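**Q** Now for the letters of each chain:
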Amino acid sequence: MTDAYYITAAELAKTGIDDLPTELNSAKHMIYSSPATLDFNSPGARGFGVKRAGLAIPGSVMLLIAPGCCGRNTALLNELGYSERFFYLMLDDTDIVTGRYISKIPKACAELLEELDEKPSVVMLCVTCVDALLGTDMERVCRACEEETGVRTAPAYMYALTREKRLPPMGLVRKSVYSLLEPQKRRSNECAVMGYFSALEDGCELYDMLKAIGIKKVHELGRCKTFEEYKDISRANFSLVLNSEARAAAQDMQSRLGIPFIELTRVYRLSKIHNQYMLLGQAIGSEFDDSEYYRRAEKSVNDFKEKYSDTVFAIGESLNADSFELALALTEYGFKVAEIYGTVGERNFVFVKKLAEVSPETRIYSNLSPTMMNYIPMSGVTAAIGADAVYYHKDCAGVCFNEEEQPFGYRGVELLFEKLTKALNDREESVL
Amino acid sequence: MKKLLKHISPIAPDDSGACSVLYEMGGITVICDAGGCAGNVCGFDEPRWFEKRSALFSAGLRDMDAILGRDELLIKKLALICKQVDARFTAIVGTPVPAVIATDMRALEKMAEKKTDLPGIALPTDGTRLYDYGEEMAYLKLFERFAVEKLPVKKGLVGVLGATPLNTGETGSDRIKKELSADENEEIVCFGMDSGIDDVIRASEFEKIIVIAPSGLAAAKYLNKKFGIPYEVRGCCINDDVSCKADKLVGKKILIIHHQFTANAVRDRLKGCDVVCASWFRMIPSLKKENDIHIKEEQQLAELAKDGGFDVIIADSFFKRAMKDFKGQWIDLPHFAVSGRLNKDL
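Those protein sequences? They're chains A and B, same order as listed.
All the letters of the first sequence, read from the start, carry residue numbers 1 to 432 under the working numbering.
All the letters of the second sequence, read from the start, carry residue numbers 1001 to 1346 under the working numbering.
Source of the hints: derived by calculation from the structure; they are not laboratory data.
Just so we're clear, the structure is a prediction, and the values are computed from it rather than from any experiment.
A couple of the hints might just be wrong.
To be verified - Cut-off 27 angstroms, straight-line C-alpha distance, at most; resulting in silico cross-link-like pairs (DSSO-like, lysine-lysine):
#  : chain 1 : residue 1 : chain 2 : residue 2
1  : B       : K1306     : B       : K1253
2  : A       : K119      : A       : K28
3  : A       : K107      : B       : K1320
4  : B       : K1083     : A       : K119
5  : B       : K1114     : B       : K1083
6  : B       : K1288     : B       : K1306
7  : B       : K1002     : A       : K28
8  : B       : K1110     : A       : K28
9  : A       : K119      : B       : K1002
10 : A       : K422      : A       : K394
11 : A       : K119      : B       : K1076
12 : A       : K165      : B       : K1076
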């Protein structure tokens, strides 16, 4: 039995992104659905996977067209109140070989509409690996459904086979949920925030800072209660894209609706947050005063440091952060990061390289590696961040930090250290 | 429309059933999928995932693997994992992806054996059938492949087939053993639950087999034919609340929905009632009564609720949404393969 594979940050930085060890390259080994990462590997289980994300449009319903196995865990979403919005067209073995079910989809849509008290805003047609392989033209299927029912219809591609493509399923579904927006007169004092299916945490400074420069309305999908509110998103003068998975959707909105976009990244280093806001100000021709927010976030870091300066962290990837950027931030704040469970890619390798300079001995594990079956928690870790890290380090103070309301900017830093302070306080009290 | 579910979500599929039987056997199980099917198994259909460690993996197929039929890559990854994890055999479980591209599962089985030097089995499930089909296939394949030697029979050694969480709502064998134990000298082994491949290998030692779900019957018949082991059929793991409520019913017209053996076991408790058993899963003709019903479509549930004239329904409350017109008494009889609820969740 092999011990859980890890590589230090220094070793990994030296190896380079083009020559990743087999254990960090999920295309080269079997995938372990670690109990620690089920939310990540099976987003249907919790959080927003394609199915739940496809229902982000208010008043929408979904028809999942797939073998039974693909819709099985949807039962979990019933607990979140989605049971009235999901319908299933089950495929049998002849269907998946011949594709004969495709002609039945419009009739299935018509039949499910008869069940509803109100006409839905849109019927999302969710298709899976079967249609990825059969090459089903879903645009055409959607048109046929619209002709049959008179209700808008859009595809949601749950193509797990394409998870590592340029436009993965979670990028495609973002494009789909914004695809129903129609051109209208844009308003110079309104903008859209894109990237997440739920809204930013209410206390995020971004709202106040945008207000301070004259933005009167910030549109967010996660705050839309009605289809009318959803349609208003296309009044935005510009979009802020906070998650790169929404880039394709923003590009589509730019070309169809003429709404330009600016990308920001969720980071936890105060200096980088400041830089981003300054650059954003330049891009939209305004000047942001973020000094108060900076000071408050810095104070939360310092307060925590004063009390828990010797904290040793383990950081997972089932959380609202990039594991490696967060590790770098904590290291720069003066803490020790012993372990990271993360997925290394081109996007975050830059953080690995910087981490190698300031914390070369940090161990990097891949949750997806089969050797993680044999993982034994490293002694010395005193706090875990991320649902997976908390799972691995059951005896430490833990903060899952994977809530649906999204942390961002200085407020994100404050929230993290508030939660860490509480977790370590609680831990101390439980030991006493 | 047939196969359109408007009120309930899908029931556990065949690949989940196969994995459930293999879970504690001590092999390396690879779900031949892109990741989603394994997520469904580990995150929903296999409650032991959070309690007992098992070498269950996803093949992590990508579109070009499927399009180009890269079986060699799959076997290479399997060989790598065999060096990292101790295992007695390998098992490859099918999903819709290999079904669409017509993967030769028998060839995969042979390639795996050659490359890993471990016995290998491949199960051509495709995610379109129900869990009992996958369980039956897995039980049968395991006994055909590993129960080869005829050993002396051990008196009092009783094997149980059908003991999976999907059938019983239990993640351990204690309750099943307790319910089935006839006398204290008996040693009861639940194949695949708190027992591994060694008990399959020594199957010919068993004096008797008890089958507690239809998915175990084909394997029991196989063992009877090969080694002459007698078998009997029993239902078990009916929760106390159901038993208590059922015992009070007299002169009622009752519908019971579960797998056939549990449904029949509940029926056996009911005295002086007109009882109909119904099941979404395979029903053994010889164990069916005249009016028993094999459910194939959701619509049948609505029709039974409206036109069946039942005073009482004993079934997983998951079905209530599809039986809104039923106005009588509902006694909740959970079935993990339906609602994902364990007996201990009640």
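**Q** Could you work out which of the previously given hints the structure breaks and list their numbers from low to high?
**A** 2, 4, 7, 11
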